[in-house]
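Participant: What follows is each chain in one-letter form.
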Amino acid sequence: MNTAKALTWAMLAAAGLAGCNPSSFNSALDQAPVVVFTPPGASTGSLFVLPLSPASEPGTTSAARMLVSRKDTAYLAVADFDTNGKVTLSEAYSADFGGTPVISAAARPDGTILLGTPSAGGGALPGGRVSTLSLSAAAGGGYDFFIQGGLQGGGAATRMGISVAAGNVTGPAAGDFVVVGDNTVHVVGPDGKTVLGSTSCLAVQLGSDDIYAYRPLAVGDLLLADGLDEIVLGAPGRVLFLQWDPASNSPVCPGPASPTSILTNAGIASFGASLAVADFDGDAHLDLAVGAPQDMVFVYFGPLDDPLHNYFGPPESAPAPVLIRNSTISGFGSSLASYQVPGQKMAQLLVADPHGTADAGRPAAGRALLYAVTPASAVVTAVFFDSNEDADPGKFGEVIGGLMFNTGLCVPGGPVQIVPWASNGVDLLTFFNYPTTTLPAAMDPRCFSLKP
Amino acid sequence: MKSSHRVVASVFLAVAASGLGRTALAQGEGTTDPALQEAKVAFEEAQVLYTKDQFAEAAAKFLDAFDKKPFSSFLFNAAVAFEKGKELGKAVETFQRYLSVDPQARDAAEVKTRIDSLKALLAPPTAPGKAAPDVAVAPVLPAMATKGLVIIESKPAGANVYLNDTTQGVFATTPWQGSLDPKPVRLIFEAKGFKRETREINPRPDKVLELYIAMSEEHFLGWIEVVSNVPGAEVFIDRQEIGAIGRTPYTGHLKPGSHRLWVKRAGYETAQKDIEVQPGTATTHTINLEQVGYGTLNAGSKAGEGGTLFVDGAQACVLPCEQKLKPGDHALRVQKEDMEDYDGRLTVNRADYTTMDVSYSPKPGRGKAWAEAVLSAGFFAGGVFLGVKGNQVKDEIDKDIKDTTKLISTKDSRTTTGKLYYIGADVCFGLGLVTAALATWNFLESGPPSTATFKTTNTAGASPGKLGLAPMDVPHGAGLAATGRF
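Line order of the protein sequences matches chains A and B.
Counting from 1, one number per residue, gives the positions in the first sequence under my numbering.
Counting from 1, one number per residue, gives the positions in the second sequence under my numbering.
No wet-lab data here; the hints were simulated from the structure.
C-beta atoms are modelled at their ideal positions from N, C-alpha and C, and glycine is treated no differently.
Taking CB as the label site, the calculated pair distances span: (1) B:Trp-441 with A:Leu-89: 48 to 54 Å; (2) A:Gln-344 with B:Glu-396: 31 to 37 Å; (3) A:Pro-314 with B:Glu-396: 56 to 62 Å; (4) B:Val-427 with A:Ser-53: 44 to 50 Å.
Given these sequences and hints, build the entire structure.
Facilitator: Below is the structure:
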């Protein structure tokens, strides 16, 4: 009898133990709509994220990838998303990129990446430098990092690489990079080292406001429609446009001599804190979104210097940009990103609202909004937020963007699908599934949802 | 001769008749009657006066005694005293009164002759010159003595009294008072339904002899002796449940009638015999015992009381008890609640008598086991609770995953909560399992086994000698009996 009781207890315990396997929670969130990963490093550090094109190696299982670095420590890694959205980090040796934080990067379509390490060299005003990075699949999985030193600052050229961008500044297919320092802007060749042209006239133009410590930079053919990209820099209360001058092989410094070089907006001090360039209205002309936190984003539809709609003209004759205004003063517009779904002409605009209401019951927890913007309207098509209760308010959306997810690994011939992501400075959240309002519902691109 | 009077006697005799210690006494009747006492005093004074030849005073005292108690003998003695005192007229008168009081007196004819003789002496003398007739010779009176007094009573009254032997027929019927010749005489008493009684008495003329007989009922005890080929065997009579009344050889009284005897001795088959006891008889009953074909196990002392004896797996009896066992090897088990079992083996020979004293070992307390079981149940309940909570968290997560408006992330903190629930549940289940195991262990834990001591004697062999005193209970009595076993 007692033995039977013991067996009963044992079976009950075994059933309980089997039914209460804590590790079962490890996979409970495998199909969660939001994949979160946290690169190693200081928990208070901010992230810099650069979405990369999907891996093209035969047999790769990487459906999407992004370059991740920490702005407060020398950490650089490539985050690989497998077909089900699981993330694997491949980390680079910090010594290979100078042992200082990578706070900016830009990628060319050919896969060349330029890294900005403005604190390289050390000291109160380090010279900084840029480096090129090439990735190749490692034999044991992950990536090999090939890093080569590029342009290096010094003297008056301090903090080289605060921001970098890739574009075609010097020619329609130049494939050059723009490197920004404290006072200088350099246009370098694809090797990141050859200086194609530079200017140092920015000391007066750029201020020292903290919100511009990491210089807002965008590159795009916004003016003249000449196939050459302009360098667009955010400055306190204005946006500067630097056009390449083939005659002098240098960017033209903004000023009275360049009537289309400065864009202002009613004296809003925070105007220009963030920039995003994309064709939002689908008219084949790039448009410019300018953030003016705490509550505004202005969208200028290109071409900006259209004779009929010249934003640089007299204020009374200049067209009014589309204003997206938030109802609360919550950092709205502190970060911007464009979101271009392949196959759609109209790009969407991602706007960070780091103190906005995340969801019911969590005011000021932070959010990001996806807008469909036209000259006539700006419609919110999706709202993203961090569902974690322990998310720090004011952080969500510090960096936002879209991840290119190759659904072809799940469904042969499948397209690359853009997946919005956002960082709260510590974690990186990728929104594989989310509700939309006006557009067709976003399709979760992961294999477990695509494959029957 | 019947008389309604009592004669005061100088001798009071109490006769006790006893069967088995029962005594019948007659006492105090002569002393409790004041008239008889006064008559007795007057009679004795008259006898003294008579012996002193003070016949007139003696006659007066006899009459005085008669006045106290009207025994006819007093009148006879008074008449004799008058005659001795030459008061022949009073003598005649008193003799005549004697006859009138007791006309059936045995000496009535003799007294009448005496009266005639005395009257002749009192007749006037014949005239001078006239020749006396030939027969006119003055009679010579024989001497006549005074009488004693015998008073006989019996219980029951109405008993026949014989003198010396019964062949002479009934002498009197009790109660009786009268005079007997002053010589030894044997009195035989008979009454229906009562045992015959015989008494020797020696009547005296100067004494009052009072005799009281309490007769025994005829159905009196018989005497039996029970002997056996096995000395020391227990003897039971009529009812075994009251215990043995003795051991062989046994002697004692029994009420007349039918009785059943049992004779028992360990190692022997119990023998039974029906006997008939005649009153007043002594009979010997020989009851032989046959050796048993089994052994006997006397299981359990006071300490072992309440245990259940199992022999070869079958329940036998509840201790203390005796169990007959076939010769051979037997498996014994004694079970008692809250005590550890005793398990042992016993080899039994024919006529073995084995005593088994069980010493129980208490089972360990189960309080600790119960406490652990309760604790275990608590842990299991806690585990179930936490498991359910964990499942709820998991279900909630699953539900929220499907609800994309909630944007549940892979870093959802509820997984930590759920894991904690599951870990807590697992810890509880683990602890529950451990405590359940401990509880089971403590439930199954047993203390030292109970033990038993055996002492075997073969009752077919010589038993050790033993002397002692044993209480003895017999019909109508009790006492101590010396017993001996050899």
